[in-house]
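6 protein chains.
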Amino acid sequence: MSRLLYIAPVRIGEDGAFERGVEEAARPENTVDLVGFTRGTEHLEYHYYEALTIPDIVHTVLEAERQGYDAAVIGCFYDLGLHESREMATQIAVTAPCESALLLAASLGSTFSIIVGRRKWIPQMKANVHHYGFGDRLASFRTLEFGVLDYHKDEAETERRFIEAGRKAIEDDGAEVIVLGCTASAGFYQQMQDVLGVPVIDSAIAALKHAEQLVEIRDRFGWKTSKIGGYETPPAYEIEQWNLREEYGADTITNRWRMASPVQAG
Amino acid sequence: MSRLLYIAPVRIGEDGAFERGVEEAARPENTVDLVGFTRGTEHLEYHYYEALTIPDIVHTVLEAERQGYDAAVIGCFYDLGLHESREMATQIAVTAPCESALLLAASLGSTFSIIVGRRKWIPQMKANVHHYGFGDRLASFRTLEFGVLDYHKDEAETERRFIEAGRKAIEDDGAEVIVLGCTASAGFYQQMQDVLGVPVIDSAIAALKHAEQLVEIRDRFGWKTSKIGGYETPPAYEIEQWNLREEYGADTITNRWRMASPVQAG
Amino acid sequence: MSRLLYIAPVRIGEDGAFERGVEEAARPENTVDLVGFTRGTEHLEYHYYEALTIPDIVHTVLEAERQGYDAAVIGCFYDLGLHESREMATQIAVTAPCESALLLAASLGSTFSIIVGRRKWIPQMKANVHHYGFGDRLASFRTLEFGVLDYHKDEAETERRFIEAGRKAIEDDGAEVIVLGCTASAGFYQQMQDVLGVPVIDSAIAALKHAEQLVEIRDRFGWKTSKIGGYETPPAYEIEQWNLREEYGADTITNRWRMASPVQAG
Amino acid sequence: MSRLLYIAPVRIGEDGAFERGVEEAARPENTVDLVGFTRGTEHLEYHYYEALTIPDIVHTVLEAERQGYDAAVIGCFYDLGLHESREMATQIAVTAPCESALLLAASLGSTFSIIVGRRKWIPQMKANVHHYGFGDRLASFRTLEFGVLDYHKDEAETERRFIEAGRKAIEDDGAEVIVLGCTASAGFYQQMQDVLGVPVIDSAIAALKHAEQLVEIRDRFGWKTSKIGGYETPPAYEIEQWNLREEYGADTITNRWRMASPVQAG
Amino acid sequence: MSRLLYIAPVRIGEDGAFERGVEEAARPENTVDLVGFTRGTEHLEYHYYEALTIPDIVHTVLEAERQGYDAAVIGCFYDLGLHESREMATQIAVTAPCESALLLAASLGSTFSIIVGRRKWIPQMKANVHHYGFGDRLASFRTLEFGVLDYHKDEAETERRFIEAGRKAIEDDGAEVIVLGCTASAGFYQQMQDVLGVPVIDSAIAALKHAEQLVEIRDRFGWKTSKIGGYETPPAYEIEQWNLREEYGADTITNRWRMASPVQAG
Amino acid sequence: MSRLLYIAPVRIGEDGAFERGVEEAARPENTVDLVGFTRGTEHLEYHYYEALTIPDIVHTVLEAERQGYDAAVIGCFYDLGLHESREMATQIAVTAPCESALLLAASLGSTFSIIVGRRKWIPQMKANVHHYGFGDRLASFRTLEFGVLDYHKDEAETERRFIEAGRKAIEDDGAEVIVLGCTASAGFYQQMQDVLGVPVIDSAIAALKHAEQLVEIRDRFGWKTSKIGGYETPPAYEIEQWNLREEYGADTITNRWRMASPVQAG
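Chains as they are written, first to last, in the numbering used here: chain A, 1 to 266; chain B, 1 to 266; chain C, 1 to 266; chain D, 1 to 266; chain E, 1 to 266; chain F, 1 to 266.
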């Protein structure tokens with residue numbers, strides 16, 4: 001049995017938009033806790049919002065590691081904080097939706113398109129797609145022409161836009177697989193898949209499944225983040241000497257957590 | 001519970017070299033059967049050997065699908081028959097070591113090196129690495145300077161060569177992760193990992209874990225090979241009209257199977 | 001004088017569609033024989049069909065080498081069996097339409113488009129274009145929206161589609177050269193060229209001319225496939241020990257040949 | 001006359017190591033102020049340290065914009081916070097050493113090598129080099145084999161290592177230009193240049209000159225960061241609604257500044 | 001104070017089209033002289049025209065160096081003669097519009113489109129864009145559908161076409177920055193910028209500003225073209241021995257100059 | 001029967017170094033004339049030398065076209081004047097060694113190395129290799145460490161250096177094919193090939209064979225340089241109006257020719 005923490009890296013209310021079944025995607029023997037923040041932004045469309053949030057993400061991952069979680073999932077398609085968290089973590093596995101969805105899509109078709117909300121998001125996401133190695137497989141980005149907070153305002157309209165964007169991606173751009181490029185897309189993939197006839201990847205679920213896989217291979221085969229090179233962890237004495245944990249709120253991170261009730265998956 | 005078939009796509013004896021614990025890598029609820037062939041080549045270092053073997057691989061995958069297997073793993077780092085099998089399969093998941101190992105390595109470090117037997121193998125494998133999207137992350141290929149059939153002749157010597165090649169990859173080429181580029185490498189990764197201090201991926205195990213993951217996401221989320229585009233399956237009437245199954249031995253494929261006893265994993 | 005064998009790697013009838021003048025493209029001093037198969041598929045749109053056919057292709061090339069042919073041309077734009085044949089051959093030159101057409105197109109314009117039958121074909125062909133090094137020069141793929149067997153059903157309609165696709169490639173996609181991405185395209189390039197005003201490469205002819213060139217440079221300058229590295233030929237004792245020639249029908253390949261009459265070219 | 005702010009994005013003492021003449025590199029009509037932080041890390045070798053620091057960088061840039069500065073230079077070769085700052089800024093120009101040095105090196109030779117402290121730094125910097133478009137021109141990274149804080153411990157030794165690394169880059173790797181990949185390299189380029197005979201770019205100076213250039217073209221030609229697409233600025237009402245400035249210390253950023261005395265350049 | 005020479009590498013009349021304010025873009029302390037040729041072509045749309053002109057360009061640069069100019073700007077977006085001039089020059093800085101504009105655009109947005117006159121120009125310019133490293137950032141080329149000599153025939157029509165092309169580049173192709181890919185575009189960028197709302201780079205101005213920057217860094221930091229590798233200057237004795245200066249008109253180059261009056265910039 | 005003109009684009013003496021059998025490489029039915037220049041440089045190691053020579057090359061090609069030659073070969077591995085000549089030519093085929101050798105090498109192995117004289121040459125040649133599409137196949141450049149004029153001073157020493165460089169390319173860099181990157185390499189390939197056991201391409205011969213092929217496909221299939229796009233020929237009236245032929249010596253080009261006696265090939 002593994003324990004996973006799904007981080008919605010935004011300020012959330014009681015009925016956080018992310019509590020839409022991602023935890024049901026876990027393997028039956030695993031448990032998923034859901035955490036959001038009591039401060040910050042309600043979406044992450046801007047890089048500034050990312051920058052403000054990343055320290056809390058990394059500290060949340062570190063606290064999760066301290067609490068014995070096996071994995072943490074950073075629930076935003078910008079994959080913000082992923083590299084920083086893997087650098088700091090020594091035990092806990094960390095994943096994020098873009099990387100996970102692309103690694104999955106790579107086995108399901110020769111090309112994929114990513115459906116996002118607004119054009120604004122594309123440059124950073126495209127840079128990530130190239131960095132992850134899938135630039136040649138990217139058929140296109142397609143936009144819904146609205147922002148994160150609009151995804152669930154009128155779900156019938158959102159679904160209509162998703163299906164239209166997906167159809168154009170398949171027919172005009174040559175996509176064989178569709179990736180939903182925002183964790184706010186939760187709840188739409190199945191209907192799209194039925195209508196479009198190609199796999200439609202919910203990237204939040206992809207990240208969760210990827211996390212479970214990384215935990216399993218860590219525990220059974222000892223495969224975890226390489227600590228030689230880019231993911232080398234900083235020395236503890238520096239962190240202590242510069243008082244980083246106190247100065248940047250690492251010690252009080254749980255005060256800024258807003259947990260949803262743990263759910264027994266499966 | 002899922003049933004997986006691990007295919008050693010070579011002519012094997014009673015004590016087939018591939019029966020070295022890959023089945024133990026499965027999730028506890030899954031079972032893995034092992035099958036090799038009674039004809040063909042004992043290794044696949046040459047593209048001609050691949051060409052002779054691919055039809056039997058595809059027919060084995062199709063027969064496995066007919067028998068209700070959930071996944072088939074093609075046990076050779078050339079990933080031969082992978083695309084053909086995915087094209088033909090409509091239910092069964094199919095994986096192969098190179099793709100699976102690289103998709104895994106991608107989350108564990110920023111660069112990787114692949115250790116192979118002989119220089120001869122590199123061009124095709126390198127083309128695969130680039131095709132899969134990981135050309136920019138490839139630190140190097142390193143060779144053991146002997147062939148597949150030599151891997152288990154003197155295992156102490158093989159281990160020595162593996163560790164030397166791995167050390168050069170890490171120190172001289174900048175590798176953060178090591179991938180063992182041959183399924184004959186079974187049994188060596190753990191010791192290497194202990195000595196070298198970076199993750200060392202046994203690609204046969206990676207392919208098995210990837211297969212389990214693909215089965216799970218197929219069953220739970222409906223995500224399976226896209227049938228629009230490159231993996232479109234040929235029409236049944238053509239296969240029948242041209243008598244392909246009989247002509248190319250698809251119907252008699254089990255006669256050319258050599259099964260090892262199924263093993264309850266875990 | 002050189003002898004070339006043009007292989008139509010499909011099951012052909014008495015009036016095989018490939019017998020459409022490719023042999024007339026040879027240099028006057030050379031002879032071209034045409035061979036198809038008595039079994040197999042009538043087209044090669046699917047990778048499974050390719051896999052079934054490649055062993056017969058390689059064995060045909062080897063038999064041609066034994067019979068003293070100077071070159072073999074594999075008549076399918078997927079270039080199936082090309083690498084395997086070059087690996088096995090020690091004397092005979094081997095070419096295939098995609099590689100040959102692109103190497104030719106490279107000197108005739110800065111960009112090219114490839115006109116194929118169906119979208120299904122594109123991913124593998126695109127991978128080949130990238131592998132051959134011409135990804136940056138590829139303006140587009142354009143489809144006729146029908147399969148190989150439809151090319152000669154209504155030739156006026158096919159020509160109309162070819163010209164429309166070519167025009168879009170030139171005007172919308174920026175193509176300077178058109179490549180016909182199927183050997184079933186035989187007979188159309190000249191009319192297209194007259195109408196479109198750019199070079200239109202019949203890839204089957206390109207492969208034949210390339211073969212003649214490779215023969216000439218082999219005979220005069222000793223330039224032939226490098227046997228150090230990826231094209232190293234397997235050792236004869238393995239082939240004998242594993243009884244590969246008998247097991248896979250190499251010895252009986254001529255029984256599956258269907259020859260068209262040799263034609264004195266020129 | 002333009003006013004520039006050079007940000008040493010680290011915790012600095014009275015005699016901050018960055019106060020080594022970068023301000024003297026300005027055009028005579030411009031003034032450069034130097035600011036560091038009273039909290040944070042003393043170097044930025046780790047991505048975690050970057051993550052902690054980026055919010056203070058962005059807020060410093062915004063405060064500089066409010067105070068009428070024309071440009072801000074982010075003094076670290078990781079270019080941390082550059083994209084975020086450009087997204088937020090509407091008037092002030094922002095530069096950072098890696099981008100600036102490469103844009104400069106591009107006109108001075110066909111290839112360049114970057115000399116860094118430790119291997120740890122390379123993956124992120126290499127990703128930046130590729131992202132900026134200069135992957136094909138990168139001859140190599142070379143390391144000094146020590147960290148940022150060691151650069152000025154024994155300057156004779158550092159210079160020796162710099163010259164040795166530079167020589168290997170030129171002779172073994174084919175570099176035509178050397179880029180010093182750390183702002184702690186201040187003070188070494190001239191001696192290296194004299195010894196090695198190729199341009200040696202001090203990237204901190206490059207960033208300052210680039211900043212002056214961006215200010216000039218902004219003022220005279222109206223050329224500044226595009227606000228359509230990736231650098232779109234978030235709406236003010238969101239920042240206010242979520243109380244971001246107070247919550248993340250934007251309003252108190254000057255409390256965490258440590259200024260060096262402004263210097264009249266030239 | 002620096003002296004720059006702006007070379008309009010075409011046959012010009014008294015009212016040369018290039019005399020449209022580029023000299024006003026200089027820093028106030030610098031002077032810009034403008035020179036064109038009394039022979040040659042009136043535009044450079046064809047590579048043959050480039051070939052004829054390059055020797056005069058290089059000799060002009062060398063003569064400018066002899067006369068004490070600090071920089072020379074080659075005023076054509078093909079950047080013809082840039083590499084040759086840098087190879088020959090030992091003191092004078094040399095720039096050209098395409099390189100300069102792209103180096104500038106790189107800091108202003110994540111993508112750019114280039115607006116040119118005719119399709120004919122695109123292949124060479126595209127090759128340059130890739131060579132300079134910005135292939136991944138190139139959103140598109142857009143054409144005005146007329147030649148260099150038409151730019152100023154009906155400026156209202158030209159402006160209309162520029163704005164239409166720019167709008168398509170921004171909306172359909174995803175451009176964040178517009179680059180005007182011909183020095184005949186002088187005079188249009190400001191109006192376009194106002195209408196389109198993104199930076200519109202006049203590449204002739206970009207080249208001038210880049211030249212000033214290169215002069216400044218040469219004089220202050222000693223950074224100038226590397227002479228190890230691709231820009232190595234030929235030995236003087238060869239030039240003398242083969243009588244190249246006389247044979248190719250280097251000594252009489254000023255006879256073929258047509259100067260516009262020097263203008264005090266600023 | 002076709003007539004080819006091999007252009008040694010250098011000032012040559014009576015016993016021009018290029019007269020070393022390239023004409024013997026022609027098909028027996030073809031004739032090859034050899035022409036060099038009475039002015040210019042004796043080698044082309046510098047881009048300036050190229051620039052001076054290109055107009056004479058293009059005019060030579062045009063004169064050859066006028067005289068009824070079928071093809072012109074530009075005998076320098078920089079491929080100088082190739083694009084310009086193809087732009088101007090409407091009938092005559094034009095080739096050059098680098099393009100031709102790489103197009104040939106592409107069919108003979110998966111990787112190649114180029115052996116050049118000096119490091120100086122590499123950046124431009126490497127840019128060409130990438131432009132031609134073979135960057136991924138380039139194993140390395142290796143240098144002989146001397147210039148063009150040294151190739152035939154001590155041929156035993158040159159051969160020794162060639163073999164040493166070739167061996168390192170094969171063993172250390174993974175080359176499967178060797179390309180001799182200078183037409184001064186004439187006479188060495190056969191011995192190298194015997195010793196090294198891989199194909200060694202004499203690029204001058206490759207260019208000649210390529211030219212013959214282009215002539216044949218032009219005459220028989222109408223395939224010649226596309227005139228839509230990058231190779232569009234300038235309008236005759238411009239050339240006349242600006243008096244280009246007289247001004248740049250096109251009309252007197254034969255006065256600067258130095259012909260070697262025509263040789264009946266074969």
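Just so you know, these hints were derived from the structure itself, not from any lab.
All figures in this text were calculated on a predicted structure; none of them were measured in a lab.
Some hints could be false.
The list cannot tell twin chains apart, which means a pair is met if one copy fits it or any two copies do.
[Stated by the list, open to error] Lysine-lysine pairs mimicking PhoX-like chemistry, simulated, CA-CA at most 25 Å apart:
1. K126 <-> K227
2. K227 <-> K168
3. K153 <-> K168
4. K126 <-> K168
Since the copies are identical, ignore which copy is meant and state whether K126 and K168 lie within 25 Å (CA to CA) inside a copy, between copies, both or neither. both (19 Å within a copy, 21 Å between copies)
Give the relationship of K126 and K227 under a CA distance limit of 25 Å: within one copy only, between copies only, both, or neither. between (27 Å within a copy, 18 Å between copies)
25 Å Cα cut-off: does K227 pair with K168 within a copy, between copies, both or neither? between (43 Å within a copy, 17 Å between copies)
For the identical chains here, do K153 and K168 meet the 25 Å Cα criterion within one copy, between copies, both, or neither? For K153 and K168, only the intra-copy Cα distance (23 Å) is at most 25 Å; the inter-copy one is 31 Å.
When the structure is compared with the earlier hints, no violation turns up for any of them.
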